[in-house]
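Engineer: Each chain, written out:
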Amino acid sequence: MLELTVYGIILGSIIALGAIGITLIAHISRMFDFAYGDKMTAGAYIALLVSTLFSMGGLLQGKVGPFSFNWGLMVAFIPAILITAGLSILFNRWVYEPLRRRGAIPILFAMVSMGIAFALRGLIYILWGADYHFYSPSVRPMIFLPLGIKLRTDEVFIMVVAWALVALIYLFLTRVKMGKALRAVADNPDLARIAGISTERMIVWTEGIAGALAAVGGVLYGIETQLRPEMGWLFLLPLFAAAILGSLGSIRGALVGGLVMGIAQQVSTAWLLPTYKPAVAFIIMVLVLLFRPQGIFGRR
Amino acid sequence: MTILGVEDVVSGYGSMEVLHGLSLKVEEGQVVCLLGPNGAGKTTLLRTIFGILRPWKGKIYFKGEDISGFPPERLVRMGMAYVPQEYNIFPSLTVQENLEMGAFIREDDIGPRMEEVYELFPDLADRRKSRAGELSGGMRQMLAIGRALMLNPELLLLDEISTGLAPFLVDAIFERIEQLNEQGVTVFLVEQNAPKALQSSDRAYILEGGEKKAEGSAQEIAEDEEIGRLYLGR
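From first to last, the protein sequence lines stand for chains F and P.
Under numbering that gives the first Met the number 0, the first residue of the first sequence is numbered 0, with each subsequent residue one higher.
Under numbering that gives the first Met the number 0, the first residue of the second sequence is numbered 0, with each subsequent residue one higher.
Quick caveat, the hints were computed from the structure, so don't treat them as lab data.
Here a beta-carbon is modelled for each residue, glycine too, at the ideal position from N, C-alpha and C.
Errors might be hidden in some of the hints.
To be verified - Covered by chain F, according to a simulated footprint, are these stretches of chain P (three or more residues, beta-carbon under 8 Å):
(1) 64 to 76
(2) 96 to 105
Stated by the list, open to error - Far from chain F, some chain P residues (derived; all Cβ distances over 10 Å):
(3) Asp7
(4) Thr42
(5) Pro111
(6) Ser129
(7) Leu134
(8) Glu159
(9) Pro166
(10) Gln178
(11) Glu224
(12) Gly227
To be verified - In silico contact screen, one side only, chain F against chain P (beta carbon under 8 Å); selected entries:
(13) Ala180
(14) Asp186
(15) Arg192
(16) Ala194
(17) Ser197
Based on the sequences and whatever the hints tell you, model everything.
Structural biologist: Okay, here's the thing in structure tokens:
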């Protein structure tokens with residue numbers, strides 16, 4: 000049980016990253032991005048592509064410290080982040096921005112993002128096929144903690160990276176002028192415009208940041224499990240559940256929501272088959288929507 | 000010199016025409032008020048001047064330049080600021096952050112200006128770190144004005160800034176407006192509280208049904224019994 004909770008925190012850290020991305024988009028771009036999970040997949044596969052290229056060239060093949068993956072993958076984080084963030088910004092530029100200018104209804108944004116999700120996934124099927132892929136074929140070293148908890152060294156890496164990123168985002172939003180402006184747009188877009196803050200420019204920032212978070216989340220998830228074209232799509236439900244649980248719009252909420260979702264899903268496997276994990280996420284989401292639609296931290 | 004000129008402006012929402020060809024002028028250094036009953040189109044006019052709505056017809060001039068259809072982002076840079084009647088603060092940001100956002104377009108040090116604003120509204124200085132959403136109604140209005148002042152605007156547009164406030168707060172707000180005006184800020188304000196607004200203004204316009212019904216010095220308007228009876232509910 001304790002062990003499952005620890006695994007839940009690890010999974011929850013990745014969920015939290017994605018939930019923060021979804022939350023930012025929901026509150027600043029004012030839409031539900033159903034392509035978010037597939038952006039995570041895209042990030043994971045871009046990293047796979049780059050690290051495969053490195054290994055074909057025999058470059059950066061040394062293992063990183065006690066972890067299962069090599070330096071090639073570490074470097075591959077950078078193009079994964081840049082390309083995924085770039086794609087998010089381009090989708091916004093080519094698709095969402097024209098829709099906003101035309102005053103399209105919200106459901107249209109959801110449908111279009113769903114379309115982008117299918118397109119991204121289709122592309123990944125074409126390029127890599129439906130098979131599983133691993134970043135590293137080697138065994139995954141373990142460490143043994145007190146109370147009989149076994150942990151992969153990789154999972155320590157995942158936690159450190161995820162939490163460092165969450166801290167970074169938090170500092171950005173509370174200490175940096177651009178971050179404060181993002182919160183201002185989330186708070187009151189009309190007033191932000193009156194103050195001379197361009198909403199469209201803030202949306203570009205949001206898409207970039209959320210895209211970068213998706214890429215990191217995707218690669219981390221790939222390290223934890225394995226890569227497959229559906230990985231992000233299936234991850235979308237816990238992401239939304241976490242974001243809603245944490246009252247859409249609050250970073251702290253998304254973080255707590257992510258952890259709760261991660262722990263709930265992992266602990267449920269003590270009684271249920273792991274196949275039911277998405278159902279657990281879904282039930283929590285429905286319960287929250289029914290009884291506390293404003294989320295844990297929401298005020299209304 | 001005329002700082003703001005509105006010429007034959009027609010504007011509205013969707014297909015509903017609210018302003019039917021309105022003209023008025025605001026001279027530099029004055030306080031000018033726009034009075035009239037609910038639904039007269041006062042807010043619509045401010046929103047059209049500030050580029051939130053596009054004029055359907057007519058022209059708007061600011062400091063001699065045709066600004067019809069300029070977006071708010073651009074007008075802010077030219078020295079115009081606008082305080083809407085409602086939703087005029089960022090509730091989840093702190094008082095200090097609200098003021099910082101008021102100066103978003105400035106790249107230089109905004110510290111000195113912020114201290115000036117705090118000097119004008121000392122109550123805000125004591126609540127720097129409070130979330131704006133936790134402030135009382137009067138403090139919110141002070142913060143809303145403070146935010147608009149962060150860029151040292153030459154022209155300040157105020158939309159019913161005193162509505163819903165206790166009389167002593169209304170007095171305090173108008174005192175600040177006069178103080179600002181003495182510092183050289185031109186003020187164009189929309190008001191429900193006609194007596195108070197006329198007391199603080201140099202000129203006044205009366206608007207009803209999207210048309211100008213009267214104009215004159217604030218004193219003339221205040222003393223005109225017919226205008227008072229017809230449009231100001233006296």
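Engineer: Now tell me, hint by hint, if it's right for this structure.
Structural biologist: These are the hints, each one checked on the structure:
no., hint, in the structure
1, 64 to 76, "holds (count 5)"
2, 96 to 105, "holds (count 6)"
3, Asp7, "holds, 25 Å"
4, Thr42, "holds, 13 Å"
5, Pro111, "holds, 17 Å"
6, Ser129, "holds, 15 Å"
7, Leu134, "holds, 14 Å"
8, Glu159, "holds, 15 Å"
9, Pro166, "holds, 27 Å"
10, Gln178, "holds, 22 Å"
11, Glu224, "holds, 38 Å"
12, Gly227, "holds, 33 Å"
13, Ala180, "holds, 6 Å"
14, Asp186, "holds, 4 Å"
15, Arg192, "holds, 5 Å"
16, Ala194, "holds, 5 Å"
17, Ser197, "holds, 5 Å"
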